[in-house]
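J.: Starting from the given sequences, assemble the full structure and let the hints guide the process.
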Amino acid sequence: MNSLGEILLEVKNLKKYFHVAAGTLHAVDDVSFTLEEGRTLGIVGESGCGKTTLGRTILRLIEPTSGEMVFNGKDLRKLNTSEMRYIRREMQIIFQDPYSSLNPRKTIAETIEEPIFLAGLIPDSDKRFMRVLDLMDTVGLAQRLINTYPHELDGGRRQRVGIARALAMNPKFIVCDEPVSSLDVSIQAQILNLMKTIQRDMGITYLFITHDLSVVNHISDDIAVMYLGRLVEKAPSEALFQKPLHPYTEALLSAIPVARIHNRHERILLKGELTSPINPEPVCRFAARCNQCMDICTKEEPPLIEARPNHFVACHLHKPMGS
Amino acid sequence: MQATSTARPFTTKKEFYAQFKKKSIAHELWLRFLKNKTAVMGLIIFCIIVAVAITAPWITNYDTVVIKMNIAERLQPPSMNHWFGTDELGRDILARIVYGARVSLVIGISAIFVSLMVGLVLGGAAGYYGGKTDSLIMRGTDVFLCLPDVLLALAIIAAFGNTKLNLTIAIGLAFSPKFSRVVRSAVIGVRDNEYIEAARSIGALDKRIISRHVLPNCIGPIIVQVTLYVANAILTIAALSFLGLGIQPPTPEWGNMLASGRTYMRDFPHIVMAPGLAIFFTILALNLLGDGLRDTLDPRLKH
Amino acid sequence: MNAQQNTLEIKNLTVEYVVDDEVVHAVTGVNITIPAGKTFGLVGETGAGKTTTALSILNLLPLPAGRIVSGEIFVNGQDVFKLSPKQLRAMRGSQVAMVFQDPMSSLNPIKTVGEQIAEGMKIHREVSDKEALRQATNMLEMVGIPGGRVSEYPHQFSGGMKQRVIIAIALACNPDLLIADEPTTALDVTIQAQVLKLIKELREKSPMVMLMITHALGIVAEVCDFVGIMYAGRIVECGTLADIFDNLRHPYTRGLFDSLPDIENRRAELKPIPGLIPDPMNLPPGCAFHPRCSYAKPECSRDLPQVRWLSDTHYVSCHLYNETVENML
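Chains as they are written, first to last, in this note's numbering: chain A, 1 to 323; chain B, 1 to 303; chain C, 1 to 329.
A few of these clues could be false.
Covered stretches of chain A (chain B as the covering partner; in silico rule of three or more C-beta atoms under 8 Å from a C-beta of chain B) [said to hold, decoys possible]:
#1 103-114
#2 144-158
#3 180-187
Bear in mind the hints are in silico, worked out from the structure with no lab data behind them.
The C-beta atom is built at its ideal place from N, Cα and C for all residues, glycine as well.
T.: See the structure below:
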């Protein structure tokens, strides 16, 4: 049994390629990182960076093309279907869209009960139902809502149902795929606070996927930035925000709209648009848009190196520590 | 975190469910359906037809009235004794229409039931699994779709004999590929929703996902098609019987009544009008009902 | 203020939707004034009534449910509700242009972008096809897209570029008023930065007035001169940028700012507004915000708060300010 601080998930050289008409789409390209128990790793990136595919591939909801995911010491790719189903109890997912992530024909009590029922954790029907009520308490849903259908509830409440479902089997690890992006600002804050409380009380490890940098900063211990399928920077949140090393991270941070009229900074604007993730050249994928692009960037792909203690970056501008 | 900050008024699930009842989706849909006047009319007409068919033995006697020839009274126009008149063999047309309803409805509904079952399996598998399974099943059904229903039924009856069972199977087979398509497209519409992925993530097996998550959300378009295809099936039965291949006289069926009445049509139009109108109203009712159901169940109108 | 000076004046607008015998009070008593050359940011969450307000300006409410109950809207001094359908059509696209949120569905997939930009020009002005194409090319350049792409189709552009095309279409006839409904919400944040910069540049070059609808205070801080905060169909606070960002008065405005994660202080716990956005079919009595307000007093659940002017530019609708102009938060 791992205790807090030990490595719960290790992702090694994970790749997911899709075959499309125009060639091979490198959705996730050679991503590696470790995640300690009880901590939150934020995965940040814009559309097309592969963060959603990464989350699902780690859980094997999508089969990876190559690479390893080692969860709690077990290599997930080596497990067969029933072993995978068994370990799924410990690895859950919260989805982005509160409207399509709940079965419209099931009441929220039925939705929350289903995982418990499937895992056979509580055979007695009444006791199982009490557990559903406990979960509803945990996520802040009133008892009277047990027999409501999703369409009767607003986005925030539906998302709470999704969280309760993810917690039902007492998982160790939850992939949160943009869980608050579809919610109004005042509700976002409620859900984020809820997720932090749950983590504190239950010791859950989060992989928090989002495009919203202000949100990720708030909830993550470490942040990894993705661009066109590659991990371009990874660091503890404070380090990333105070001293970003990758030019893309710098641009991303400066692009966040700030709700302040004084002390506004000059925005770093990127040139052009995303290059294609189909059959990419083995060069730095950000080179075309980078305002600090050097000659070597258009010739060689930069490896992920540790430029500062615990601060990783894939950029030719930086050298590994100690060199 | 097992903190239960809220007091629990009950201890069993049953008690909770009694206190906080489920809102009935069916009831709400029913109310919405009622607002559609033409659909309600269709439902009423269809119910009348079904009621008539069920109570046929009490309305009239099969042996003495429906089949027994009575040459003395042949070809009489509608009168107080015979509301729809009599046919070329002196039989009461109304009684024959009533029994004809039984035949059409029973065979029509059974045939569609058969094709629905086949369609759910084939279309469900094709839609859910996609890829090669989809291609294989769809190409198979394409073959059947190329054949006109009547021709297919003809072939089966010619090969296996002309019985009510064979007729049902023949029509069932003719409609199976159509249903497979309908089910498949409904499944495809549902399968990309995140709650399907969620079901997978909590460890549900495919069988459970299809039966509990996918199909219940596909019911809408399927129900609509059921009503419309029952109409088609009844029409096909009438057509086959008209051609002499389906239900054989003296058993009354609207199609064969049209056939035998054809020769007398010019001077005694009432003989063909009755079965013709019977077919017309049945098909009309089912179509109105089907359209009404489609409007009621249209997901875009939901909230 | 002389009505002629204000490009847009909305007075006491009240709009309802009637659905299945139920009435949704979408917008109630809204007043918005925008003088020439300025940008007004209309801020609110889902269901606040922002889009309904915008659609009313051009009488584009979805029928038969949408109904303008009362109020007047003046564009360049003309009373929009008194215009004939022909005059209204003439106004749409030429004096008032609108940019919607979703670039995917705003563009016709079977027409080139050049054709779509030129379409407005040809409807409202007498230009030959050749001239219209030339001007369309110019418009593309103006929004930062190479002019040569004028004969390409929407699907050949990315999300951010599509939104620029839509802006080009909106600006093609030099409108006096541009209504932008969440124009950057669907875009990635780096693309959003590009589009916002474009919007700012365009603003500087022309006296065009803009009504920017958004839920993001960060965007408002970037491009707007005036701000109106909407809640449950009413404007609860309105003022200049400085009024709202430095001197906010309404508890909901306070709640909105507090809900935002602070980049500088990640450890701080977020202070969300408790409770839920009210059901527009079933608004609470009195002030619609009172169930969620930590400053609520007895009168808040009984009486609607009146509008109180705190300065020439700043007003608030809250019982806290019935007697005083001092900041009560």
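J.: Are the hints correct? Go through all of them and say.
T.: Now for the hints, and whether the structure bears them out:
Restraint check on the region 103-114 of chain A versus chain B: 5 residues with Cβ-Cβ distances below 8 Å, three needed, restraint holds. Look at the region 144-158 of chain A against chain B: 8 of its residues bring a Cβ nearer than 8 Å to a Cβ of that chain, three or more, so the hint holds. Counting residues of the region 180-187 of chain A whose beta carbon lies closer than 8 Å to any beta carbon of chain B gives 0, which falls short of the minimum of three for the stated coverage.
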